[in-house]
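Last residue of the sequence shown? That's 396 in my numbering, and every number before it is there in order.
What the hints contain is simulated information worked out from the structure, not anything from laboratory work.
Remember, predicted model here, so these are calculated numbers, not experimental data.
Certain hints may be false.
[Unchecked claim] In silico DSS-like links for lysine-lysine, alpha-carbon gap of 30 Å or less:
id : residue 1 : residue 2
1  : 20        : 117
2  : 154       : 20
3  : 375       : 280
4  : 152       : 20
5  : 20        : 244
6  : 152       : 343
7  : 375       : 244
8  : 280       : 347
[Said to hold, decoys possible] Listed next, with one range per pair, are the computed distances between beta-carbon atoms:
id : residue 1 : residue 2 : range
9  : 121       : 382       : 53 to 59 Å
10 : 151       : 274       : 50 to 56 Å
11 : 249       : 151       : 26 to 32 Å
12 : 100       : 52        : 34 to 40 Å
13 : 382       : 94        : 49 to 55 Å
14 : 61        : 274       : 30 to 36 Å
15 : 59        : 148       : 47 to 53 Å
16 : 39        : 159       : 46 to 52 Å
17 : 382       : 266       : 44 to 50 Å
18 : 68        : 198       : 17 to 23 Å
19 : 341       : 381       : 47 to 53 Å
20 : 98        : 52        : 51 to 57 Å
Think of the CB as a built atom: it goes at the ideal place given N, C-alpha and C, for glycine as much as any other residue.
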Amino acid sequence: MAGALETLCGQTYGAEEFSKIGNYICSAMITLILVCFPISLMWIFIDKLLLLFGQDIEIAQAAREYCICLIPALFGHAVLQSLIRYFQIQSMIFPMVFSSIVILCLHVPICWCLVFKFGLGHVGAAFAIGIAYWLNVIWLGIYMKYSPACEKTKIVFSYNSLLYIAEFCQFAIPSGLMFCLEWWSFEILTIVAGLLPNSQLETSVLSVCLSTTTLHYFIPHAIGASASTRVSNELGAGNPRAAKGAVRVAVIIGIAEAVIVSTLFLCFRNIIGNAYSNDKEVVDYVTDMVPFLCVSVSADSIICALSGIARGGGFQTIGAYVNLGAYYLVGAPIAYFLGFGLKLNAKGLWMGTLTGSILNVIILAVVTMLTDWQKEATKARERIAEKPIEAHDGSI
């Protein structure tokens, strides 16, 4: 949902309407924190949900304990994502990189102490994640408050921020759906794999593939974030040609990254499985899956670039519909047919979802090519010019 800020704040920053950025960030924090409450409630009763789906009672209880202890991290994550977008749309990378490195160095010993030294086990890991998120929030908050670079866009909580919640939700809901629909399609694979013959092997292989693509995903995700920033800034500034140029650069970099990573995967296909398992059957199965993994990471690279462009241009609603159609109306039925009908098992499930990814690339590429960037720049400027009626002094 925080992806809405890439549109609203990015375009506002490009238009140099700095005073509105703080209102958007505050409205995002308020909205995301409110969303955390129903999610927290669901986590508290997650064991009932897992038991309903036939999960083992011990696993369900352990999951409930973990989720309850993860609730502080959920609220920290809501605030952190808003702050990350605040720095991202201004191309202020240093504070985020510095914070991430320092917190990572602290997270490892903190997690070890809570898990092993204090004997908290999986619960300690959940607490460690929460501590890491809130330390990130504190550091970025301090930097924002005292850094001269943030003087023009400094966040000040005010009653006026409430007036921006409706506009934020207009982009936040499709942005959240766009992200979740894509990720859930792959997560569901692991659950469905449990219904296959020799489910332990099939689930293990799909888990390895999913972990590998997830690790890779953060690279093209950074490309998409950069594309979102440049496109939104240029549209807000009324520079459609520059926005179109940023689109070209993002797509080219995405394709180049896809070629490089796919080549590396093919070169090291015989050892990828060894990074996750010592079981020869699992390792050999993963080796057979590598060609499909190469196509997956290639699709991910281009999807991330195109999705970043969509967020920068404010096309989240289109992106949500594309993901729904590609992954669930096309990819899911094909995955079921290949996995269960043709008995290709995990390979068939992955191929079906991969079909959805390829269709996603094609549709988003067509949408991007057909976009009238002059028209989008005009729409961005008109949206920024619309100001809600604000109180004379709404500061808290």
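We went through each hint and held it up to the structure:
1. The suggested pairing of residue 20 with residue 117 is violated, with an alpha-carbon distance near 47 Å, which exceeds 30 Å.
2. For the proposed pair residue 154 and residue 20, the alpha carbon gap of about 10 Å is at most 30 Å, so the pair holds.
3. Our distance criterion of 30 Å between C-alpha atoms is broken by residue 375 and residue 280, whose separation comes to about 57 Å.
4. A C-alpha spacing of about 10 Å is found between residue 152 and residue 20, which places the hinted pair at or below 30 Å, so the restraint holds.
5. Pair hint residue 20 plus residue 244 holds up; C-alpha atoms about 25 Å apart against a cutoff of 30 Å.
6. A C-alpha spacing of about 60 Å is found between residue 152 and residue 343, which places the hinted pair above 30 Å, so the restraint is violated.
7. Distance hint between residue 375 and residue 244 is fulfilled; the C-alpha atoms sit about 12 Å from each other, no more than 30 Å.
8. Of the pairs offered as hints, the one joining residue 280 and residue 347 holds, with about 17 Å between alpha carbons and a cut-off of 30 Å not exceeded.
9. The hint said 53 to 59 Å for the Cβ distance between residue 121 and residue 382, and at roughly 55 Å that hint holds.
10. Under the hint 50 to 56 Å, the C-beta atoms of residue 151 and residue 274, about 52 Å apart, fit the expected range.
11. Evaluation of the 26 to 32 Å hint for residue 249 and residue 151 yields a pass: the beta carbon distance comes to about 30 Å.
12. Remark: the range hint 34 to 40 Å for residue 100 to residue 52 is upheld by a beta-carbon distance near 38 Å.
13. The given range of 49 to 55 Å is broken by residue 382 and residue 94, whose C-beta atoms sit roughly 34 Å from each other.
14. Range check, residue 61 to residue 274: about 33 Å between beta-carbon atoms, so the 30 to 36 Å window is met.
15. Taking 47 to 53 Å as the suggested C-beta distance range, the pair residue 59 and residue 148 conforms, at roughly 51 Å.
16. Restraint check, residue 39 to residue 159: a C-beta distance of roughly 26 Å breaks the suggested window 46 to 52 Å.
17. The hint said 44 to 50 Å for the Cβ distance between residue 382 and residue 266, and at roughly 48 Å that hint holds.
18. About 34 Å separates the C-beta atoms of residue 68 and residue 198, a value inconsistent with the hinted range of 17 to 23 Å.
19. Roughly 52 Å separates the CB atoms of residue 341 and residue 381, a value that falls within the hinted 47 to 53 Å.
20. Taking 51 to 57 Å as the suggested C-beta distance range, the pair residue 98 and residue 52 does not conform, at roughly 45 Å.
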